[in-house]
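Those protein sequences? They're chains Y and G, same order as listed.
For the first sequence, counting from 1, position 117 maps to 117 in UniProt numbering; every step adds exactly one.
For the second sequence, counting from 1, position 89 maps to 89 in UniProt numbering; every step adds exactly one.
Source of the hints: derived by calculation from the structure; they are not laboratory data.
A few of these clues could be false.
Said to hold, decoys possible - Listed next, the in silico DSBU-like pairs over lysine-lysine satisfying Cα-Cα at most 35 Å (straight line):
hint, chain 1, residue 1, chain 2, residue 2
1, Y, LYS129, G, LYS2
2, G, LYS2, Y, LYS75
3, Y, LYS60, Y, LYS136
4, Y, LYS230, Y, LYS60
5, G, LYS214, Y, LYS101
6, G, LYS231, Y, LYS67
7, Y, LYS101, G, LYS79
8, Y, LYS127, G, LYS214
9, G, LYS79, Y, LYS136
10, Y, LYS230, Y, LYS183
11, G, LYS79, Y, LYS60
12, G, LYS214, Y, LYS183
13, Y, LYS75, Y, LYS101
14, Y, LYS16, G, LYS79
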Amino acid sequence: MDIVVEHLTKRYGPQKAVDNVSFRVKAGEVLGFLGPNGAGKTTTMKAIACYINPEEGDIKVGGYSIKEHPEIIKKNIGYLPENNPLYQDMNIIDFLDFIAKIHGIPKYLIPERILDMVRICGLEGEKHKLISELSKGYQQRVGLAQALIHDPEILILDEPTTGLDPNQIVEIRELIKRIGKEKTVILSSHILAEVEATCDRILIINNGRIVVDGTAEELRKQAAGNEILKLGIQGGDVNDIFENLIHLETVDAVDFIDVDRQLFEVQSKEEVSSVKSIFDLCVQNNYYISELTPSEKKLEDIFRQLTLH
Amino acid sequence: MKQILHIANRELNTFFDSLTAYVLIVIFLGFSGFFTWIYGADVFFVGQASLSTFFTVAYWSLFIFIPALTMRSIAGELKAGTLELLLTKPVSDWQLILGKFLSTFFLIGIALAPTLFYYFTLWAIGPVDHSAIVLGYVGLLLMSMVYISIGLLTSCLFSNPIVASLTALSIGIFFHIIFDVLASNFVGFAGSLFSFLSLSTHFESITRGVVDTKDLIYFFSIAFFCLYASKMILSNRNLQV
């Protein structure tokens, strides 16, 4: 099932939480939803899950509009809300049984589905405990189990790994990856590494608007711009080397990083690489290269750059 | 319809798991039994095979208990965030409201069921007016229906359970007694208006053994209005947390 979000706008009082957002998610895609706190991620996800009504715009899931056929959409969506609300006074099996009944799973299939979920989400040892007695990590697994129990085609996970320890984070990511092979998944997070590790596509949203839409690779490329090299050259006077570097045709700017260790930052002109000319320069002048590292922009930097203004 | 029953069933289980149901049933049976059989204007004192004392006690105790049962129904779910969990499942707003309504209604039914033994006991010791007793129970159920709806509405309006419960009580007290008092102080149109609005007028006319469609319309219209208003508030999702 495809998800098509068209010109979605949602206000909370005078403040626009989401402002004219449009995007598509193809069936089978894993989409990462990124953005600083309060950017509108949760609001968008709530709207897709048919919890809130947008003032303007529409969302179509598999061709059905959230305004006209919410009941059909809700059947096909597994949703893990932010903060993972659960009925704390129920035990895991009763809770999953209730959710399965609400989804209209045939009675004879329910025990089987519950056992599947308990196994997939690693809840075997805890299955008779009350939800309130579980640690946060296990509660998160119950949240995933309730989202998956009716085998939905679309999975919407709002910050699925908050509050988990590193081991649990890895486990949940593995689980999402495994599920993502068969299903459409939208997951939100403000941890970039997580989105990069699990998602096919990244959507960055800021102040209710989409700022970036693409794969992690494209994102890097787009923000990286000109080539930047961290360069160490030895075997000559540091000022001579600097002069020579600056006069290279492909070089746009040179900066000292460390004068004593003769380290420079070399920025090339648009769409050219200076690696070869630097090498030739060293051969001509009998210098030698002690270090040459292309400095890659981290996704964190890109994220900050895109969302800070 | 199935969804409504699933929700009602879960809610009912919560009442029993949290001991609320047991406390309610024990206190209710204790009170009503004490006043019906042992103390005050009890059956032996009056010397008639009638349950009118029981109905009066139940009339008052249910009025006080119901807001305590309904106060958390929507407000609690909203606070815990489970409302979002539930409404993103294939459940409509109406189904949720009706499920919540039915769960409390069933609980009242369960609390009333053991009092049928009063009826059987009375039947064994004297000639009873069967229709009056059956209609007495019908009256109690209709009254519960009205107060549960009011309780649900205030639970939608206020996220604080105490505020919800007290507001339900203060709205309830108008129907329960204030309109009746006003009716006796006014004459003409105002008098008959207040008399019509008073729940006790309609309750008494039913327990006397007379079923008038006017009474039924009265109970059902208040319940429907409150449930409809609750549904509208829920649909707007402008609920305060």
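Going straight from one Cα to the other, do G/LYS79 and Y/LYS60 come out at no more than 35 Å?
Holds, at about 30 Å.
Decide if the proposed pair is consistent with the structure: Y/LYS101 and G/LYS79, CA atoms, cutoff 35 Å inclusive.
With Cα atoms ~24 Å apart, Y/LYS101 and G/LYS79 stay inside 35 Å; holds.
Taking 35 Å as the top limit, are the C-alpha atoms of Y/LYS127 and G/LYS214 close enough?
Roughly 53 Å between the alpha carbons, so the hint for Y/LYS127 and G/LYS214 is violated.
Taking only the CA atoms, is the gap from Y/LYS129 to G/LYS2 under or equal to 35 Å?
Roughly 27 Å separates the two Cα atoms, so the pair holds.
What's the verdict on G/LYS214 and Y/LYS101, does the C-alpha distance respect the 35 Å limit or exceed it?
Answer violated: G/LYS214 to Y/LYS101 is near 39 Å, above 35 Å.
Holds or violated: Y/LYS230 and Y/LYS183, Cα atoms, limit 35 Å.
It is violated: about 43 Å lies between the C-alpha atoms, which goes past 35 Å.
Would the pair Y/LYS60 and Y/LYS136 pass a check requiring their Cα atoms to be no farther apart than 35 Å?
Within the cut-off at roughly 34 Å; holds.
G/LYS231 paired with Y/LYS67 [C-alpha distance capped at 35 Å]:
Cα-Cα ~17 Å, so holds.
Has the given pair, G/LYS79 with Y/LYS136, been kept, meaning a C-alpha gap of at most 35 Å?
18 Å, holds
Given the hint that Y/LYS75 pairs with Y/LYS101, test it: the Cα-Cα distance must not exceed 35 Å.
12 Å, holds
Please verify whether G/LYS214 and Y/LYS183 have alpha carbons no more than 35 Å apart.
At roughly 56 Å apart (the allowed maximum being 35 Å), Y/LYS183 and G/LYS214 break the hint.
Below or equal to 35 Å on CA atoms is what counts here, so check Y/LYS230 against Y/LYS60.
48 Å, violated
This entry does not satisfy hints 4, 5, 8, 10 and 12, going by the numbered hints stated previously.
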